[in-house]
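Asker: The primary structure of each chain is shown beneath.
Protein chains: 2
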Amino acid sequence: MSTQRSYTSDLDLLKGKVEMVHGSGGKAMAQLIDQLFLQAFSNPYLDQLNDQASFNLPPGKVVMATDSHVISPLFFPGGDIGALSVHGTVNDVAMSGAVPKHLSAGFILEEGFPLADLKRIVDSMAAAAEEAGVSIVTGDTKVVERGKGDGCFINTTGIGVVPDGIELGGDRVKPGDKIIVSGSLGDHGVAIMSLRENLTFETTIESDSQSLHDLVATMVEAVPELHCLRDPTRGGISATLNEIAQQAGAGMQIYEEAILVKPQVKAACEFLGLDPLFVANEGKLVAFCPADKAEHLVEVMRSHPKGAEAAIIGEVTEDSLNFVQMQTAFGGNRMVDWINGEQLPRIC
Amino acid sequence: MSTQRSYTSDLDLLKGKVEMVHGSGGKAMAQLIDQLFLQAFSNPYLDQLNDQASFNLPPGKVVMATDSHVISPLFFPGGDIGALSVHGTVNDVAMSGAVPKHLSAGFILEEGFPLADLKRIVDSMAAAAEEAGVSIVTGDTKVVERGKGDGCFINTTGIGVVPDGIELGGDRVKPGDKIIVSGSLGDHGVAIMSLRENLTFETTIESDSQSLHDLVATMVEAVPELHCLRDPTRGGISATLNEIAQQAGAGMQIYEEAILVKPQVKAACEFLGLDPLFVANEGKLVAFCPADKAEHLVEVMRSHPKGAEAAIIGEVTEDSLNFVQMQTAFGGNRMVDWINGEQLPRIC
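Sequence lines, in order, name chains A and B.
Its first residue numbered 1, the first sequence is counted upward by one per residue in the working numbering.
Its first residue numbered 349, the second sequence is counted upward by one per residue in the working numbering.
Chain A with its partners taken away, still in its complex shape:
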């Protein structure tokens, strides 16, 4: 830490609250930055205390992704808004095949938010960033009056660099491609909804919130011919498949029996009236892969802890209407349309 600034008293991280003055650009804001953010995130870029970070990047295509996080509640089984805000953006960067490098963090805090909660969130972000191999290089803090926010919103924006020879995108997906999912579906959304609805099950349903940078690195190294990766967050795998079908100008056929949903997630979905295909995930990916490489890719994914339950769940079809269809466990075929109504608000 390069900072030498001195304050008359330390920030009260036990009982203190966020005040309007913490966003006003004066000494109180500087203290919040020094004693909370810099303590947790310290790295050579951030510690320069300029209004921007500067760094060199390895040669290659640069990738940029942004996500504002407004999840409610802020703390949940398997994670919190801090870790989630790192995982979400790291994953968006990684889905291009890129190695995530740096994150920015923008906080919008509500007056009265406990500093102890903020510290917990910030420490969780720092740990998630370290695990994902990214530095939080620049940041910003704003404070809004009580009733004009909801505790803590966090925007993270990430940049990364794509290794030579990798080119992924929805428009590269072709009829015949196999659709592979890295694990069970619906965990994150159901964990949050169960918490909101005060549902208890024999075992607590945990969010799958995690960074997939290392799984992706393993996959693109093994099968650089991969066509597309996408993380099925808001809107679940249904939104992802419909989006890609339209980008690719193709259809999708998936098989219900091939899709892994944990028994307690299935039970909670039935209770809550949710369809696991529409429920957000925060630590899973969908891969679109040329058919002749698909088995090998699944094998490679299964050798990685974050892809241990990877499976082929269907294939891309010729379909000018870009329909996504699912063969059900009973043998019928049903449309998997986009959700039209609100299913899960503030899930990330």
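Read the hints as simulated data drawn from the structure, not as lab findings.
In this text, all values refer to a predicted model and were calculated from it rather than measured experimentally.
C-beta: ideal position from N, C-alpha, C; glycine also.
Some hints could be false.
According to the in silico footprint, chain A covers these stretches of chain B (three or more CB under 8 Å from chain A) [to be verified]: (1) 399-408; (2) 531-543.
Computed list of chain B residues with no C-beta within reach of chain A, every gap over 12 Å [stated by the list, open to error]: (3) L362; (4) G373; (5) A464; (6) E479; (7) E493; (8) D498; (9) A570; (10) R694; (11) C696.
Here the structure of chain A is known, so what remains is to put chain B in place on it, guided by the hints.
Answerer: Using the frame of chain A, we list chain B on its own:
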């Protein structure tokens, strides 16, 4: 626009409102993206509709800056949150000497926010981005329930590339450097406060909100030996000078008579009990320049419309206590300390 997605009816941009479903990852969100954001921001990176943008950057040091904008009210004389969110981040990137290249945009919308207002904001962002020569390459939209936000918050994160041979930073500032300001101080903060307090003057006080990328490019080309640039936003020039004094391990001496404050801004400040040195600016910069290049730099700045009123306002001094002092119009010297209390909440 590459999108071919079809909807049963168009978004009602006259009377429609933001609904929770616009943030849920389904069809309504896709429609908002297609018919509002893509229409305004269209560029080859964004139009790929991936969850991240990818692009090549020219060689050189990469710079990243982030800002969340929570200004209230959203529309004000001389600008709005849309243009401001571009200017703020473009300026943070430019203050490193970099050429700003790309922006991300993250929206946090409150349920019930008029789509017509959102369109006005988005169109204003698009125009500001075009003027600044940047593309909005990736984005994100979240919606929170009524009473959990305040209409519209916007995070922008920008990246740019520093031309060869330029290296700016607070730690490069040296005793003897001249302190140069690009124009009048206090316009933005006073415009917002006058609006909030319903003050009217003979002439409307307008925000100075503008991108300084072109002024900066002119400056670093003419005087690459420049030590540091900073835009005096929240906390005003007082916060900027105190921050840099601490980064440089030096003091600052400024001269009240050299500092330009417009008469109506001065009058409003007296009425509102504000000190123009503590009031936010959104289109001005402070430069720290070796003394032997300072006159030339001021001349160069004055040749540019955004620096027409540039002036030397003081110099960096040897001072281990890092005090910022101002010689007043009456000849005395007073401390220019950081603000400790809240002066202007939600000014950007």
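Asker: For every hint, state whether the structure bears it out.
Answerer: Outcome of the hint check:
Coverage of the stretch 399-408 of chain B by chain A holds in this model, with 7 residues showing a Cβ closer than 8 Å to a Cβ of that chain against a need of three. Counting residues of the stretch 531-543 of chain B whose CB lies closer than 8 Å to any CB of chain A gives 0, so the stated coverage by that chain is violated, three being the minimum. Distance check on L362(B): its Cβ is at least 22 Å (rounded) from any Cβ of chain A, clearing the 12 Å threshold; non-interface status holds. Against the 12 Å criterion, G373(B) falls within the reach of chain A, whose nearest CB is about 3 Å from its own CB.
The Cβ of A464(B) lies farther than 12 Å from every Cβ of chain A, with a closest approach of about 21 Å, so its non-interface assignment holds. At the 12 Å boundary, the C-beta of E479(B) stays outside the reach of chain A, the nearest C-beta of that chain being 20 Å off. Not every CB of chain A lies more than 12 Å from the CB of E493(B), the least distance being 7 Å, so the non-interface label is violated. The claim that D498(B) lies off the interface is violated: its Cβ sits roughly 4 Å from the closest Cβ of chain A, which falls inside the 12 Å cut-off.
No beta-carbon of chain A is positioned within 12 Å of the beta-carbon of A570(B); the least distance is around 21 Å. R694(B), annotated as away from the interface, has a beta carbon of chain A within 12 Å; the closest lies near 6 Å. Annotated as non-interface, C696(B) brings its C-beta within 12 Å of a C-beta of chain A; the closest such distance is 8 Å.
Violation of the numbered hints given earlier is confined to hints 2, 4, 7, 8, 10 and 11; the remaining hints are satisfied by the structure.
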